[in-house]
Amino acid sequence: MNPPLALASPANIVKVLSGPGRYGPGQILRRRSTKQSMEAADELAALLARTAAQDREAFAELYRRTSAKLLGIALRILRRRDLADDLLQEIYVKIWERAGDFNASRGSAITWMSTITRNRAIDEIRRKGMVAIDDLPEGFEAAGDSPDPLAGRERSEQLQGLLACLQELDPQKRIIVLLAYYNGTSREALSQRFDTPVPTIKTWLHRSLAQLRQCLKS
Amino acid sequence: MSEPEDIDALAGEYVLGTLDAAERAEVAARRLREPALDEAILAWEYRLAPLCEVTPEVAPEPSIWAGIQARLDARNAGREDPSIADLTQRLKRWKTAAILSGAAAACLAISIVWRETVRPSPAENFVAVLQRDTESPAFIVEVDLRSRLMTVRPVAAGRQPGKSYELWLIHDSLGAPKSLGVVADQGFTVRAALTRYDQSVVEDGTYAITLEQAGGAPDGKPSGAPLWTGKLVQATP
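Here the protein sequences line up with chains G and X, keeping their order. Numbering that gives the first Met the number 0 numbers the first residue of the first sequence as 0 and each following residue consecutively. Numbering that gives the first Met the number 0 numbers the first residue of the second sequence as 0 and each following residue consecutively.
Looking at chain X on its own, in the form it has when it is part of the complex:
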């Protein structure tokens, strides 16, 4: 069962990073209620941390700091971070709360989600139709310039088993194309990937889709010429 050696090995593997997703989640949950496991994890973190000293540093782009400040400002203003990941997490939290605390919490959750969805419609909606020629639109990219939230949906892109469509932002000031992430071949993909770029780059850049190996280009560079491209135009007057 839980002999000290087992706990220590489990903690060590957790810190090393060799556990799979389910095991990691289990350990993360267990440490909250098992002080011995928590202690063992902290001890391993401390033992192995010196290895980080030799990890090469990589200076972040200035836009990263701008993005962090924007997220903090959004929080301070009482509004939610535009990142969809956070929104999803929040929904998850509220769902859990709703299950745990019953109807009252559920109502609260709904009211929060409601507030989130019905905030005033943004006046700065832009859209790009990504196509090869005017006859064959393949993807539509919509951008809310205020929140920098981007929604991508395929119109006529076929499914490609074992491959992924990846969206890129191309602009002279960026040098190489910058990945905006893999986009689903059906339904909507919502991303906050544009938050790190200047408004002028977002507005003037070219949006392009390439077909990459499943999960996206492994080295962050497009592997071939874009299949479809387009630029943003204002969607609402």
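Excised from the complex, chain G in its bound form:
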């Protein structure tokens, strides 16, 4: 198997990171040229700025470039295509209205939009009391119609740094962090899945976060 394809999903990231170690992130991940990714980021930021000025054409282009990513993020968390579709519409209306709030000095445009999407999706599953527990290992049926999203793509330096730091966590704690981030899994659901009391999960999360923060600093 072509090693880069082994990372085709967050599920596989877990597998790779918890594997026997022969697939270290450094071996699998190629660096994306910084120049290239910065150009793309600048273009998105420019599209957002034009969107803030009520430029519908720019907004359409922004949608064309980012909607598949945001739908993927929403679908991971909501699991149901109809809910994710509804949310996606709501989110782009929000982006249209709030594009002026985007501050390029505080992160990239795609981070800003992904954050809005994750926040809304997580609010939605908490509000509905929906629970997504054990979907990292098999989880991608819902997204199965998408072509391999990573084929031929390279990873940013930021992701490589983050993966290297995640690698330093205990395997179980790493999976907990990834389950939470990708699926919006709650402490309660994590507690059930790992048969561990909620306060312990909380302690693990706090330690993992502190460890990650420390590692990313260096």
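By construction, these hints were calculated from the structure, which means they are not laboratory data. A quick note: this is a predicted structure, and the numbers were derived from the prediction, not measured. Incorrect hints may appear among the rest.
Stated by the list, open to error - Once the Cα atoms are required to be at most 25 Å apart in a straight line, the calculated DMTMM-like pairs of lysine to aspartate or glutamate come out as:
1. G/127 <-> X/211
2. G/172 <-> X/19
3. X/162 <-> G/81
4. G/93 <-> X/171
5. G/127 <-> X/72
6. G/172 <-> X/22
7. G/127 <-> X/19
8. G/201 <-> X/22
9. X/220 <-> G/156
10. X/162 <-> G/187
11. G/68 <-> X/33
12. G/216 <-> X/5
13. G/201 <-> X/5
14. G/216 <-> X/37
15. X/162 <-> G/123
16. G/68 <-> X/5
17. G/216 <-> G/122
18. G/93 <-> X/44
19. G/68 <-> X/52
20. G/172 <-> G/122
21. G/201 <-> X/218
We have chain G already, so just place chain X on it with the hints.
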């Protein structure tokens, strides 16, 4: 109390998504008045965001973009978005405003709600009676084709503890049945779920109800044969 470590852990958990609904709401409110918490949240968003790079992309259906444009057009035309969720939010906002600013705001809120409710009655009202045979209507689906707002109400569907009724739209062009969401077993359910479908699909499609686990079919596919089905007919001349 608020040692930096606590704030950072709270912010981290907020961004990870592990907090429950009440905690999330609390953090979202606190960050507005606590710059340190807000900073910590932004920092965590930035730290963890690279993980989104590997989330598989899923191309949206063309109807999604059409739906977004329709919502923006509705806003530009000074009319409200047909989505009921937005209407509810708006009502909530106005209620808050009314509480905060007293009678004047309350009057304003009422006038807005009034305008919303008494807009000219739509000429494009369609209705579907979902039934197994002509003797046993179970649900009535009403659709305003202009706003694509759909109202569903049960007529004779019994309550099913631990289960939910889910409404589906079936049409050749759609392939598999598409969920229009879970419908309440009593009272009215109002949805904007049809906004993403072409008018011809809405008009010609078959509407069907299945009984699913509480909260609806988990994989977005009906788990069994429909209990009741029906098609839209024009309700007013």
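Hint check:
About 16 Å separates the Cα atoms of residue 127 of chain G and residue 211 of chain X, which keeps this hinted pair within 25 Å; it holds. Annotation: proposed proximity of residue 172 of chain G to residue 19 of chain X holds, straight-line Cα distance about 19 Å (limit 25 Å). For the hint linking residue 162 of chain X to residue 81 of chain G, the alpha-carbon distance of about 19 Å falls within 25 Å, and the restraint holds. About 33 Å separates the Cα atoms of residue 93 of chain G and residue 171 of chain X, which puts this hinted pair outside 25 Å; it is violated.
A threshold of 25 Å between alpha carbons decides the hint, and for residue 127 of chain G with residue 72 of chain X the separation of about 29 Å lies outside it, so the pair is violated. This hinted pair checks out: residue 172 of chain G and residue 22 of chain X have alpha carbons roughly 22 Å apart, not beyond 25 Å. This hinted pair checks out: residue 127 of chain G and residue 19 of chain X have alpha carbons roughly 11 Å apart, not beyond 25 Å. Restraint check for residue 201 of chain G and residue 22 of chain X: satisfied, since their Cα atoms lie roughly 13 Å apart, inside the 25 Å limit.
Between the alpha carbons of residue 220 of chain X and residue 156 of chain G the distance comes to roughly 39 Å, so the proposed pair goes past 25 Å and is violated. A C-alpha spacing of about 23 Å is found between residue 162 of chain X and residue 187 of chain G, which places the hinted pair at or below 25 Å, so the restraint holds. For a cut-off of 25 Å, the pair hint linking residue 68 of chain G to residue 33 of chain X is broken: about 31 Å separates their Cα positions. Restraint check for residue 216 of chain G and residue 5 of chain X: the C-alpha separation of about 18 Å stays at or below 25 Å, so the hint holds.
Between residue 201 of chain G and residue 5 of chain X, the direct Cα distance comes to roughly 12 Å. Compliance with the 25 Å bound is thereby established for this hinted pair. The suggested pairing of residue 216 of chain G with residue 37 of chain X holds, with an alpha-carbon distance near 19 Å, which does not exceed 25 Å. Note on residue 162 of chain X and residue 123 of chain G: the hinted pairing holds, with a Cα-Cα distance of about 20 Å set against a maximum of 25 Å. Distance hint between residue 68 of chain G and residue 5 of chain X is unfulfilled; the C-alpha atoms sit about 32 Å from each other, more than 25 Å.
As the CA atoms of residue 216 of chain G and residue 122 of chain G are separated by approximately 30 Å, the hinted pair breaks the 25 Å bound. Distance restraint check for residue 93 of chain G and residue 44 of chain X: the Cα-Cα separation of roughly 19 Å lies within the 25 Å cut-off, and the hinted pair is therefore satisfied. As the CA atoms of residue 68 of chain G and residue 52 of chain X are separated by approximately 9 Å, the hinted pair is consistent with the 25 Å bound. Between residue 172 of chain G and residue 122 of chain G the CA atoms are separated by roughly 23 Å; this keeps the pair inside 25 Å, and the hint holds.
At roughly 30 Å between alpha-carbon atoms, residue 201 of chain G and residue 218 of chain X are farther apart than 25 Å, so this suggested pair is violated.
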